[in-house]
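Novice: Here's the letter readout for the chains.
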Amino acid sequence: MTNFVALAARKYGWRYSGMVAFVIQRVTGLALLFYLFLHVHTIHLLREPDKFDVALQQFRSPVFKLLEIGLLGTVILHALNGVRLTLIDMGVGVNATRQRQMFWYFAVGVGVVIFVAGAVPILVNTVLK
Amino acid sequence: MGTHVFKIARSGAAGLGQAYSVALEERMTVLDALFIIQRKQDPTLSFRCSCRVGMCGTCAMSINWQPRLACQTRVATLESETVHVGPLPHLPVIKDLVVSLEPFFEKWKKVRPALHAVNKGSKSLAVVRPDSEFGRQAQGKRDCITCGACYAACGIVGSSKRYLGPAAINKAMLRLLDPRDKAVDERLDAVDGEAEGVWRCHTQFNCVAVCPKGINLTDSIMRLKRAMLRPGQFHDKLRSAGGA
Numbered sequence: 024m025t026n027f028v029a030l031a032a033r034k035y036g037w038r039y040s041g042m043v044a045f046v047i048q049r050v051t052g053l054a055l056l057f058y059l060f061l062h063v064h065t066i067h068l069l070r071e072p073d074k075f076d077v078a079l080q081q082f083r084s085p086v087f088k089l090l091e092i093g094l095l096g097t098v099i100l101h102a103l104n105g106v107r108l109t110l111i112d113m114g115v116g117v118n119a120t121r122q123r124q125m126f127w128y129f130a131v132g133v134g135v136v137i138f139v140a141g142a143v144p145i146l147v148n149t150v151l152k
Numbered sequence: 017m018g019t020h021v022f023k024i025a026r027s028g029a030a031g032l033g034q035a036y037s038v039a040l041e042e043r044m045t046v047l048d049a050l051f052i053i054q055r056k057q058d059p060t061l062s063f064r065c066s067c068r069v070g071m072c073g074t075c076a077m078s079i080n081w082q083p084r085l086a087c088q089t090r091v092a093t094l095e096s097e098t099v100h101v102g103p104l105p106h107l108p109v110i111k112d113l114v115v116s117l118e119p120f121f122e123k124w125k126k127v128r129p130a131l132h133a134v135n136k137g138s139k140s141l142a143v144v145r146p147d148s149e150f151g152r153q154a155q156g157k158r159d160c161i162t163c164g165a166c167y168a169a170c171g172i173v174g175s176s177k178r179y180l181g182p183a184a185i186n187k188a189m190l191r192l193l194d195p196r197d198k199a200v201d202e203r204l205d206a207v208d209g210e211a212e213g214v215w216r217c218h219t220q221f222n223c224v225a226v227c228p229k230g231i232n233l234t235d236s237i238m239r240l241k242r243a244m245l246r247p248g249q250f251h252d253k254l255r256s257a258g259g260a
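Protein sequence lines, in the order shown, are assigned to chains A and B. Count the first sequence with the working numbering and you get residues 24 to 152, in order. Count the second sequence with the working numbering and you get residues 17 to 260, in order.
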């Protein structure tokens with residue numbers, strides 16, 4: 024019995040990289056938009072110094088640091104895939120293979136390296152401390 | 017070679033389709049399997065085909081959820097014992113695997129696909145040299161067989177009924193860059209729309225992934241996008257050809 028999901032991921036995941044990249048760009052974009060509104064709204068509410076200090080103390084808790092790591096990953100993926108899209112708009116790598124490489128090797132591959140470099144210090148110095 | 021199960025979407029039937037078992041023969045294509053099913057198991061099954069050699073684009077259908085030509089898809093290459101066959105998405109189904117290509121060709125007609133010659137009365141051949149600028153840009157882009165696979169695979173077509181789709185835009189790009197053609201303004205009007213034109217493409221590359229002729233349709237759209245930032249160049253070609 025063939026597992027259709029496994030087959031689709033193996034056989035079509037590479038083929039439809041552009042679609043995967045599009046969906047990721049949309050989802051991360053909407054997530055960042057939501058975060059931006061939440062961020063501005065939260066800061067807007069913290070007008071008194073005492074409340075501001077209390078809130079900042081809460082933001083230093085492990086839960087918020089884990090969310091911060093998630094934010095870091097979202098920003099990196101959205102930014103690097105955005106660079107890929109800009110290059111495509113400029114006519115660089117507009118072919119089936121090159122755009123797939125630009126997504127998987129550049130946006131995801133380089134993104135993972137930057138993410139690990141940023142996430143590990145946050146994890147070690149705050150959550151695991 | 018083993019037996020394969022073909023789950024075929026039937027008009028009016030619920031679920032993922034009606035199942036038929038077919039004994040696989042060497043080099044059998046999905047179209048061969050459909051003929052076996054129609055002749056030996058269910059004569060009511062409807063599908064469309066013509067040339068059987070990947071030239072006409074008539075047998076385009078969704079095979080394992082990917083638009084392909086049935087005559088060019090060997091069952092063994094699908095690496096699946098169950099083969100899901102359905103009509104092309106984004107197009108109205110007439111019956112079973114037969115879709116109406118009317119929406120596709122309505123948009124195709126909008127870009128004025130025919131050549132509107134600059135020198136209509138000329139008796140001499142208007143040759144496009146392969147090493148000319150247009151010859152180089154058009155290389156590999158002229159092989160479209162209007163099968164509708166790119167249209168069916170495009171996520172933007174799925175979400176916007178007005179979007180022209182990759183095949184029509186590719187044709188518009190070829191005509192706009194063609195130094196022999198003069199219908200510039202009409203085509204620019206058709207492809208410049210915010211909702212229906214080139215600007216709606218989100219470079220998903222689905223059209224490139226499924227095109228049975230290997231045409232880089234996204235490249236055509238991106239070339240046209242960049243060219244339309246300086247639309248005067250399309251009129252330049254007319255001036256240099258003495259048509260305007």
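Please keep in mind that the hints were generated in silico from the structure rather than gathered at the bench. A quick note: this is a predicted structure, and the numbers were derived from the prediction, not measured. All C-beta atoms, glycine included, are put in the ideal place defined by N, C-alpha and C. Any given hint might turn out to be false.
Unchecked claim - Partial list, derived from the structure: chain B residues whose beta carbon lies under 8 Å from chain A:
(1) Gly171
(2) Ser175
(3) Ser176
(4) Val200
(5) Glu202
(6) Trp215
(7) His218
To be verified - Calculated from the model, a selection of chain B residues having no Cβ within reach of chain A, i.e. all distances over 12 Å:
(8) Glu42
(9) Gly73
(10) Val114
(11) Gly151
(12) Pro195
(13) Asp205
(14) Ala225
(15) Gly230
(16) Thr234
(17) Met238
(18) Arg239
(19) Lys241
(20) Arg242
(21) Pro247
(22) Gln249
Novice: Hints first: check each against the structure and report whether it holds.
Specialist: Now for the hints, and whether the structure bears them out:
1. Checking Gly171(B) against chain A by beta carbon gives a least distance of about 6 Å; that is within 8 Å, so the hint holds.
2. Hint status for Ser175(B) relative to chain A: violated, with the closest Cβ pair at about 11 Å, above 8 Å.
3. Interface hint at Ser176(B): violated, since its Cβ lies 14 Å from the closest Cβ of chain A, which is beyond the 8 Å cut-off.
4. Because the smallest distance between the Cβ of Val200(B) and any Cβ of chain A comes to about 22 Å, over 8 Å, the interface hint for this residue is violated.
5. The interface hint given for Glu202(B) is broken, as the beta carbon of that residue sits about 26 Å from the closest beta carbon of chain A, more than 8 Å.
6. Given hint, Trp215(B) at the interface with chain A, is violated; its Cβ is 11 Å from that chain's nearest Cβ, farther than 8 Å.
7. The interface hint given for His218(B) is met, as the beta carbon of that residue sits about 6 Å from the closest beta carbon of chain A, less than 8 Å.
8. Annotated as non-interface, Glu42(B) keeps its C-beta farther than 12 Å from every C-beta of chain A; the closest such distance is 20 Å.
9. Against the 12 Å criterion, Gly73(B) stays outside the reach of chain A, whose nearest CB is about 20 Å from its own CB.
10. Consistency note on Val114(B): stated as away from chain A, and its beta-carbon is indeed over 12 Å from all of that chain's, at 25 Å minimum.
11. Residue placement check: Gly151(B) keeps its beta carbon more than 12 Å from all beta carbons of chain A (closest about 19 Å).
12. The claim that Pro195(B) lies off the interface holds: its Cβ sits roughly 21 Å from the closest Cβ of chain A, which is beyond the 12 Å cut-off.
13. With a minimum CB-CB distance of about 23 Å to chain A, Asp205(B) clears the 12 Å threshold, and the non-interface call stands.
14. A beta-carbon of chain A is positioned within 12 Å of the beta-carbon of Ala225(B); the least distance is around 5 Å.
15. With a least CB separation of 9 Å from chain A, Gly230(B) falls inside the 12 Å interface cut-off, contrary to its annotation.
16. Not every Cβ of chain A is farther than 12 Å from the Cβ of Thr234(B); the closest lies at roughly 6 Å, contradicting the non-interface assignment.
17. Not every CB of chain A is more than 12 Å from the CB of Met238(B) (nearest about 5 Å), against its label as outside the interface.
18. The beta carbon of Arg239(B) is not kept farther than 12 Å from every beta carbon of chain A, the shortest such distance being approximately 7 Å.
19. Not every CB of chain A is more than 12 Å from the CB of Lys241(B) (nearest about 7 Å), against its label as outside the interface.
20. Distance to chain A contradicts Arg242(B) as a non-interface residue, since its nearest Cβ pair spans about 6 Å, not more than 12 Å.
21. The Cβ of Pro247(B) sits about 17 Å from the closest Cβ of chain A, beyond the 12 Å cut-off, so the non-interface label holds.
22. For Gln249(B), the shortest C-beta to C-beta distance to chain A comes to about 15 Å, beyond the 12 Å cut-off, and the non-interface label holds.
Of the numbered hints listed earlier, those contradicted by the structure are 2, 3, 4, 5, 6, 14, 15, 16, 17, 18, 19 and 20.
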